[in-house]
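> Here are the chains, one letter per residue:
Number of protein chains: 2
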Amino acid sequence: MLNKNILLWSLQICLLGSTLGGNVLIWPMEGSHWLNVKIIIDELIKKEHNVTVLASSGALFITPTSNPSLKFEIYQVPFGKERVEGVINNFVLTWMENRPSPLTIWRFYQEMAKVIHDFHMISREICDGVLKNQKLMEKLKKNKFEVLLSDPVFPCGDIIALKLGIPFIYSLRFSPASTVEKHCGKVPYPPSYVPAILSELTDQMSFTDRIRNFISYHLQDYMFDTLWKSWDSYYSKALGRPTTLCETMGKAEIWLIRTYWDFEFPRPYLPNFEFVGGLHCKPAKPLPKEMGEFVQSSGEDGIVVFTLGSMVKNLTDAKADVIASALAQIPQKVLWRYTGKRPATLGANTRLYEWIPQNDLLGHPKAKAFITHGGTNGIYEAIYHGVPMVGVPMFADQPDNIAHMKAKGAAVEVNINTMTSADLLNALKTVINEPSYKENAMRLSRIHHDQPVKPLDRAVFWIEFVMRHKGAKHLRPAAHDLTWYQYHSLDVIGFLLACVATVIFLVTTCCLFSYRKFGKTGKKKKRE
Amino acid sequence: MLNKNILLWSLQICLLGSTLGGNVLIWPMEGSHWLNVKIIIDELIKKEHNVTVLASSGALFITPTSNPSLKFEIYQVPFGKERVEGVINNFVLTWMENRPSPLTIWRFYQEMAKVIHDFHMISREICDGVLKNQKLMEKLKKNKFEVLLSDPVFPCGDIIALKLGIPFIYSLRFSPASTVEKHCGKVPYPPSYVPAILSELTDQMSFTDRIRNFISYHLQDYMFDTLWKSWDSYYSKALGRPTTLCETMGKAEIWLIRTYWDFEFPRPYLPNFEFVGGLHCKPAKPLPKEMGEFVQSSGEDGIVVFTLGSMVKNLTDAKADVIASALAQIPQKVLWRYTGKRPATLGANTRLYEWIPQNDLLGHPKAKAFITHGGTNGIYEAIYHGVPMVGVPMFADQPDNIAHMKAKGAAVEVNINTMTSADLLNALKTVINEPSYKENAMRLSRIHHDQPVKPLDRAVFWIEFVMRHKGAKHLRPAAHDLTWYQYHSLDVIGFLLACVATVIFLVTTCCLFSYRKFGKTGKKKKRE
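These protein sequence lines map, in sequence, to chains R and S.
Quick note on numbering that gives the first Met the number 0: the first sequence kicks off at 0 and runs consecutively.
Quick note on numbering that gives the first Met the number 0: the second sequence kicks off at 0 and runs consecutively.
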């Protein structure tokens with residue numbers, strides 16, 4: 000007997016499963032964010048989707064690649080690469096000079112406000128570059144995109160999607176105090192055990208820590224609310240109706256979060272949040288010849304891989320000397336990605352490189368430790384390959400990332416501003432010689448590898464799901480339809496309290512009335 | 000160059016991935032729960048695990064099967080099958096006679112308290128049957144189980160796991176007001192948009208609904224707290240230290256929840272919660288000959304599948320007549336699973352069966368509608384095959400399940416107590432003839448089929464994960480280490496309020512002091 004239903008579904012799932020030739024639009028962010036989303040793009044192209052990246056003429060990292068399948072739609076903005084570079088450098092420097100601590104958080108906020116103002120100026124020019132370009136918008140409309148993948152650190156991807164009438168998905172590492180995830184995405188963040196981002200706290204908090212965490216959430220909420228407030232009117236104007244940045248962000252179908260439980264402390268989330276941390280990780284490839292020989296020459300001692308990421312290129316001479324002299328004292332060979340002046344104290348065991356194949360080095364069996372600024376991409380490569388870390392965090396989520404790795408026993412931190420050669424040396428000796436660090440790094444690696452579906456496959460699955468179903472409305476919580484006081488049941492609690500108060504009032508009044516009436520009557524009776 | 004790390008991991012994952020020959024212990028629950036967990040057991044056996052079921056001598060449904068690979072460890076209890084049957088029947092009847100509504104919830108609670116007392120008496124005898132059987136406990140210890148899969152509706156699975164020193168996993172549909180998931184599992188349930196179980200509310204609530212929901216949560220919490228309280232001392236005694244039922248339940252490594260987002264309204268959850276609803280669903284097999292011919296004879300009109308589940312066998316004659324006369328008026332052929340007296344009004348289009356292959360019928364292309372009591376297993380088969388439903392809910396989660404399907408536009412409900420033939424007839428005509436019901440059922444079906452990993456594979460993955468890693472501690476939220484007031488940050492809020500009050504007091508005192516001192520001086524000066 001022919002089972003039509005099943006045949007139909009099999010065919011449908013087969014057809015759906017492939018989602019052949021879909022059109023995907025990308026709204027990217029600079030720096031390491033771009034490196035991460037590039038991996039998703041490559042996978043989408045492999046699955047025969049047509050991917051178009053919206054990039055401004057002033058973009059720094061987001062530039063056309065050699066891949067002919069990847070289209071770039073370049074729009075004009077009234078600034079050049081230098082300005083983006085200037086804002087990024089200013090951001091990094093201001094953060095490093097004002098690293099937030101419980102006592103300095105207010106000054107940090109005031110200083111960052113200036114930098115973020117510059118950042119918003121650029122962001123707005125980027126938005127205008129697309130939204131006010133009628134010709135481009137019409138071209139995009141004609142291209143019939145099925146989904147837009149947006150990094151919300153640069154606002155406007157969501158507006159473009161709404162204007163094109165297509166669903167959008169976010170790729171996000173974090174927002175200050177997780178305000179966006181919390182208020183716009185409606186994820187609960189209990190301050191009692193979920194450490195606020197940028198607080199450098201863990202999920203094991205003392206009473207004082209919990210006070211810090213509580214204040215941290217509210218301060219960062221305030222920071223986000225005040226600094227991002229001006230976008231509300233921009234969004235309202237662009238969409239032609241009164242709205243807010245947060246309301247619009249809340250329309251994201253899926254939130255691809257660039258972490259996983261090998262890195263995060265367990266916390267509540269919603270079904271439209273997918274944790275795809277480490278999606279860029281892959282097995283190591285063989286090293287270039289010269290580098291491979293240097294690594295092999297390390298013998299039993301192995302190697303240390305050292306990079307401070309793409310944002311920091313040079314250090315002061317003094318700082319570079321402090322670092323180089325520490326490195327010179329370990330038996331391991333060191334591969335240091337550094338483009339600054341060659342430090343005077345550089346040891347024979349250390350080689351400087353303009354660029355290193357970080358993933359291939361960390362995946363090499365001789366890798367003993369990773370000195371890292373603590374960017375999420377790098378940390379995930381270390382987790383993937385099970386390499387313990389020495390963290391030298393500088394800005395953004397880096398101190399927090401290292402705090403996570405410290406709490407999980409896979410890293411030691413040194414303070415870039417105050418460290419001596421001895422500090423760095425001791426940190427390196429600790430992670431290399433104390434077996435617990437390697438064991439913990441390997442434990443995280445095992446957790447990372449032992450998932451039902453690989454992070455990259457999950458990210459692509461949900462992008463394709465949104466394309467197949469024109470959204471993922473079945474995962475969207477009804478919390479989005481409530482006001483903040485309804486969400487917290489304040490109206491219900493208020494009403495119930497009012498009821499209780501009314502009952503108490505009525506009962507008391509009745510009692511008093513009865514007492515007065517019958518009390519007096521009683522007295523009268525007694526007198527009679 | 001040989002990349003030892005990668006080779007090592009590939010080998011490790013390969014070895015881990017299979018988790019060959021693990022020993023799994025099952026703590027099952029009666030009725031449809033057993034049917035569901037049986038599917039997981041079969042899959043575990045397929046993957047060459049050794050599975051042992053702990054079943055009492057008084058078990059009703061949990062009886063040795065023909066599968067020689069499945070071991071049963073039967074322990075003696077001082078009651079027979081009749082007593083279990085009696086308690087279940089009493090439970091069903093009491094619920095049906097006192098179906099909870101906003102006005103009758105208190106009476107419902109009082110009546111249910113009696114039934115639940117009987118249920119706890121049996122549960123305790125079951126627990127004693129294992130825990131006080133030294134020989135059995137020693138035998139279990141010798142068997143070196145690696146994980147225990149427990150249905151927590153019968154308590155004690157967790158104690159047995161802890162006494163054997165092995166991790167345990169729950170398979171759970173719900174607990175009253177989700178109290179267990181909320182208080183023991185630490186999942187947040189915002190009452191503003193997450194409908195309390197048994198409330199029959201959806202995620203779209205008016206102000207009045209939200210008041211009902213708020214009260215529902217607290218009443219059911221109270222119900223759970225008072226009725227299950229007596230287990231605290233049993234657990235403390237069994238584990239030899241002061242503990243509570245809730246604290247012990249909180250030690251579950253993974254919670255396999257028997258629903259998914261095709262059925263649930265989106266709500267927060269934690270990373271150790273896995274939604275595996277519909278894991279028992281599978282493509283339809285060909286029907287037995289006689290049945291197949293009857294189904295084929297329905298022509299274009301198709302068939303209606305009708306069952307009230309395994310718990311309800313007979314109806315009153317009057318009720319059966321009402322139902323049969325409605326069924327007689329539809330053009331579809333009806334397959335009714337019914338073991339009671341043949342109703343006088345039975346139409347020629349309706350056939351009674353002692354048992355029907357429900358899944359194969361629902362998966363048949365001629366299936367037009369499913370009349371169901373609304374058990375989760377049956378609903379999931381209807382979702383899987385995309386068949387719209389007429390719900391005749393009776394007890395437990397059934398009214399709630401049908402409320403979910405109604406809200407998603409895939410079902411119409413009729414009240415078993417008050418329904419007339421016309422009610423049932425209209426309901427059937429609606430779901431069969433209004434295309435939206437079929438469309439919505441198909442939409443749910445598409446959502447169900449379009450998951451990165453099938454529910455059964457995910458359930459087995461996490462059981463094997465716990466076996467491979469001896470737990471899943473990386474998914475356990477730190478909320479478990481906090482007291483209730485710490486969890487809600489009440490101590491922090493109290494402290495901060497005290498600080499603010501102190502500052503206000505000091506400032507006011509200073510102002511008053513200054514005013515008195517300098518005010519008087521001023522006056523004095525004026526006089527001078």
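Worth flagging that the hints you see were computed from the coordinates, not collected in a lab.
Just to be clear, a hint being listed does not mean it is correct.
It does not matter which identical chain is used: a pair holds within one copy or between any two.
Listed next, the in silico BS3-like pairs over lysine-lysine satisfying Cα-Cα at most 27 Å (straight line) [unchecked claim]: (1) K437 <-> K228; (2) K131 <-> K228; (3) K141 <-> K318; (4) K70 <-> K340; (5) K141 <-> K472; (6) K428 <-> K113; (7) K437 <-> K340; (8) K134 <-> K340; (9) K288 <-> K516; (10) K236 <-> K281; (11) K143 <-> K437; (12) K80 <-> K516; (13) K284 <-> K80; (14) K437 <-> K469; (15) K469 <-> K453; (16) K138 <-> K70; (17) K472 <-> K281; (18) K407 <-> K469; (19) K472 <-> K453; (20) K134 <-> K45; (21) K407 <-> K340; (22) K143 <-> K472; (23) K162 <-> K340; (24) K472 <-> K181.
> Now tell me, hint by hint, if it's right for this structure.
Comparing the hints with the structure gives:
Proximity of K437 and K228 under a CA criterion of 27 Å is satisfied in neither setting, with 45 Å inside one chain copy and 45 Å between copies. Taking identical chains as interchangeable, the C-alpha atoms of K131 and K228 lie at most 27 Å apart only when both belong to the same chain, with a minimum of 21 Å there against 65 Å between chains. For the homomeric pair K141 and K318, neither the shortest alpha-carbon distance inside one copy (54 Å) nor that between copies (61 Å) is at most 27 Å. With identical chains, the CA atoms of K70 and K340 are never at most 27 Å apart, being 38 Å at best within one copy and 71 Å at best between copies.
For the homomeric pair K141 and K472, the shortest alpha-carbon distance inside one copy (25 Å) is at most 27 Å, but the shortest distance between copies (50 Å) is not. In this assembly of identical chains, the alpha carbons of K428 and K113 never lie at most 27 Å apart, being 40 Å within a copy and 66 Å across copies at closest. In this assembly of identical chains, K437 and K340 lie within 27 Å of each other by CA distance neither inside one copy nor across copies; the values are 33 Å within and 71 Å between. When the C-alpha separation of K134 and K340 is checked against a cutoff of 27 Å, the pair qualifies neither within a copy, at 48 Å, nor between copies, at 75 Å.
In the homo-oligomer, the alpha carbons of K288 and K516 never lie at most 27 Å apart, since the shortest distance is 105 Å inside one protomer and 85 Å across protomers. In the homo-oligomer, the alpha carbons of K236 and K281 never lie at most 27 Å apart, since the shortest distance is 44 Å inside one protomer and 51 Å across protomers. Taking the shortest Cα distances, K143 and K437 never come within 27 Å of each other, neither inside one copy (50 Å) nor across copies (29 Å). For the homomeric pair K80 and K516, neither the shortest alpha-carbon distance inside one copy (87 Å) nor that between copies (65 Å) is at most 27 Å.
For the homomeric pair K284 and K80, neither the shortest alpha-carbon distance inside one copy (33 Å) nor that between copies (64 Å) is at most 27 Å. Within a single copy, K437 and K469 get their C-alpha atoms only as close as 45 Å, which misses the 27 Å cut-off; across copies the closest is 19 Å, which meets it. In the homo-oligomer, the alpha carbons of K469 and K453 lie at most 27 Å apart both inside one protomer (24 Å) and across protomers (22 Å), since each shortest distance falls under that limit. In this assembly of identical chains, the alpha carbons of K138 and K70 lie at most 27 Å apart only when taken from the same copy (13 Å versus 66 Å across copies).
Taking the closest pair of Cα atoms, K472 and K281 come within 27 Å of each other only across two copies (25 Å); inside a single copy the shortest separation is 32 Å, beyond that limit. Taking CA atoms no more than 27 Å apart as the test, K407 paired with K469 passes between copies only; the shortest distance there is 18 Å, against 40 Å inside one copy. In this homomeric assembly, K472 and K453 come within 27 Å of each other (Cα to Cα) both inside a single copy, at 24 Å, and across copies, at 20 Å. Neither within a single protomer nor between protomers do K134 and K45 lie at most 27 Å apart by alpha-carbon distance, with minima of 30 Å and 60 Å respectively.
Proximity of K407 and K340 under a CA criterion of 27 Å is satisfied in neither setting, with 35 Å inside one chain copy and 66 Å between copies. In the homo-oligomer, the alpha carbons of K143 and K472 lie at most 27 Å apart inside one protomer (21 Å), although the nearest pairing across protomers, at 46 Å, exceeds that limit. In this assembly of identical chains, K162 and K340 lie within 27 Å of each other by CA distance neither inside one copy nor across copies; the values are 49 Å within and 63 Å between. In this assembly of identical chains, the alpha carbons of K472 and K181 lie at most 27 Å apart whether taken from the same copy (19 Å) or from different copies (25 Å).
Checked against the numbered hints listed earlier, the structure breaks hints 1, 3, 4, 6, 7, 8, 9, 10, 11, 12, 13, 20, 21 and 23; every other hint is satisfied.
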